[in-house]
Amino acid sequence: MKLEQLYQEIILDHYRNPHRQGLREPFDAESYQINPTCGDEVTLRVALDGDRVADVSYDAIGCSISQAATSVLTDLVVGRTLDESRSTMNAYMEMVQSRGQVEPDEDVLQDAVAFAGVSRYPARVKCALLGWMAFKDAVGRAAEQGNGAHQAEAR
Amino acid sequence: MTALAAAPLTASELEKIRADFPILSRTVRDGRPLVYLDSGATSQRPRQVLDAERAFVEQHNAAVHRGAHQLAEEADEAYESARARIAAFVGVQPGEVVFTKNATEGINLVSYALSNSSVGKELLERFALAAGDEVVVTEMEHHANLVPWQELCRRTGATLRWYRVTDAGRLDLDSLQLSDRTRVVAFTHQSNVMGTIPPVAELVRRAHEVGALTVLDACQSVPHRPVDFAALDIDFAVFSGHKMLGPSGVGVLYGRRELLEVLPPFITGGSMIELVKMEGSTYAPPPQRFEAGVPMTSQAVGLGAAVDYLSAVGMERVAAHEDALTERALAGLSEIPGVRILGPTDIHDRGGAVSFSIGDVHAHDAGQVLDDLGIAVRASHHCAWPLHRRFGLAATVRASFALYNTPAEVEALLAGVQEVRRFFRVPA
Chain A
1261 MKLEQLYQEI
1271 ILDHYRNPHR
1281 QGLREPFDAE
1291 SYQINPTCGD
1301 EVTLRVALDG
1311 DRVADVSYDA
1321 IGCSISQAAT
1331 SVLTDLVVGR
1341 TLDESRSTMN
1351 AYMEMVQSRG
1361 QVEPDEDVLQ
1371 DAVAFAGVSR
1381 YPARVKCALL
1391 GWMAFKDAVG
1401 RAAEQGNGAH
1411 QAEAR
Chain B
5 MTALAAAPLT
15 ASELEKIRAD
25 FPILSRTVRD
35 GRPLVYLDSG
45 ATSQRPRQVL
55 DAERAFVEQH
65 NAAVHRGAHQ
75 LAEEADEAYE
85 SARARIAAFV
95 GVQPGEVVFT
105 KNATEGINLV
115 SYALSNSSVG
125 KELLERFALA
135 AGDEVVVTEM
145 EHHANLVPWQ
155 ELCRRTGATL
165 RWYRVTDAGR
175 LDLDSLQLSD
185 RTRVVAFTHQ
195 SNVMGTIPPV
205 AELVRRAHEV
215 GALTVLDACQ
225 SVPHRPVDFA
235 ALDIDFAVFS
245 GHKMLGPSGV
255 GVLYGRRELL
265 EVLPPFITGG
275 SMIELVKMEG
285 STYAPPPQRF
295 EAGVPMTSQA
305 VGLGAAVDYL
315 SAVGMERVAA
325 HEDALTERAL
335 AGLSEIPGVR
345 ILGPTDIHDR
355 GGAVSFSIGD
365 VHAHDAGQVL
375 DDLGIAVRAS
385 HHCAWPLHRR
395 FGLAATVRAS
405 FALYNTPAEV
415 EALLAGVQEV
425 RRFFRVPA
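Just so you know, the sequences run in chain order A and B.
Using the numbering used here, the first residue of the first sequence is number 1261, and each one after it goes up by one.
Using the numbering used here, the first residue of the second sequence is number 5, and each one after it goes up by one.
Please keep in mind that the hints were generated in silico from the structure rather than gathered at the bench.
The reader is advised that the hints may include incorrect statements.
In the DMTMM-like style, the derived pairs of lysine to aspartate or glutamate whose C-alpha atoms are separated by at most 20 Å in a straight line are [stated by the list, open to error]:
1. A:K1396 - A:E1344
2. A:K1386 - B:D375
3. A:K1262 - B:E423
4. A:K1262 - B:D34
5. A:K1396 - A:E1354
6. A:K1396 - A:D1319
7. A:K1262 - A:E1363
8. A:K1262 - B:D375
Use the sequences and the hints to build the structure in full.
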């Protein structure tokens, strides 16, 4: 196993220059997730426009894998419908939990195919999932609340 | 700690010791020799321990303290002999040693025995806690010596207070004054993150001055230097088998005899009774009172063999060897730009756990690069989250040493840290 297979350039690029970082308003739902083994945390907000993901904003402390994974996540879901986002999320989760057994579909996962190497490091899978778990949770909350009802103020 | 006059292990002694540990000769990650620097999490086991466990199971296995047949006699003998040798290893009497699953269970045993003393008509004034009482810990505790006390306070209404840690990673003795409401003072014998050895004698003096019980987490001291609980005048102490060349699944609670004799049980059931009637029961004297159910046996026997192994090397020499490794690691890391060591940077009152950060590289990422080089370290908050929060860090890399580590492995670590800097482009 070579380090470069895990830390592909795409991952290091997103880590050094994360996309859509920071918490923004308005938003429909927020999720806070932690990784108890290393203390990493992410607060992630989802803003919806009808059936579409209008924005994903986040504040995170974590390793390069978790930071880059959250950055890539925003590229893959912002502007897409909830159904499209969920199917991308499922494909991503299947890939990173596959222990290297799933050949990722680059058409669906785009930059996220770089995380295929993570699946060979079981201890790092949680890192690659932290932001995605927050997205899944936030989307679920937003759906419960019904679409379009922006929260004016956070917390 | 007094100055240790013993000599570090020689290269040939070290080679002989390493040959006793089969795992140290394996390779990891594409054929790299294993550099195991995670003994603070769990240590590796020598053949002598594995052989003792196997010999017990193959020749003497029986449920202890139950049968009268020959195997039962032999099993009892092996189990109690292990207890006696382990007790002698830490300077106490066999009757003061209780076998537990691990050190965490030992601390829970004490905390639950105290809350069991605090309820019902059996209330024991000496141990009972109530609202207004205080339990004192330190900011450098492992979660195992923090969460059980938080829970004891929740159950009894007592208040948790703590000694703070200085920027240099030492205990700030001025940060807290004990009071006559302080009932328990629980603290580590050696920080599992920073290696800091707090002033045990002074902490014990202050606690006993106000009539508080003292509880020592000795998980990181007993495997690495001579420890004498009786000389430390501590009331309770715990340590774990798997951190001292022994098996997992066995730990030790030491309790001062006169305290164990009056302390109520934590886990109840078979083996720990004196007389059982439908209306109620009375309990066996210690240590049996605290060992309900069929206990771990081959693990206790294995821990006995681990203590024999360490004694044969000599704990003064183990300490001298590990001090030399730690000193070199501290000096080498201090010279690398961007490295920040948590806690004391000299060997004075300090053991062989060295935690650090490298620039703004996350500990997971640094640990991954080291792992790729075959170097096993821990990348985490090391179950001391409040301590990391105090230093403004989520996690650190920890290298921790044992008697089988070599100076060459310390150099491998230092080279590995340089590789982390190169890979993640940490500025000079």
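Hints not upheld, ascending by number: Violated: none.
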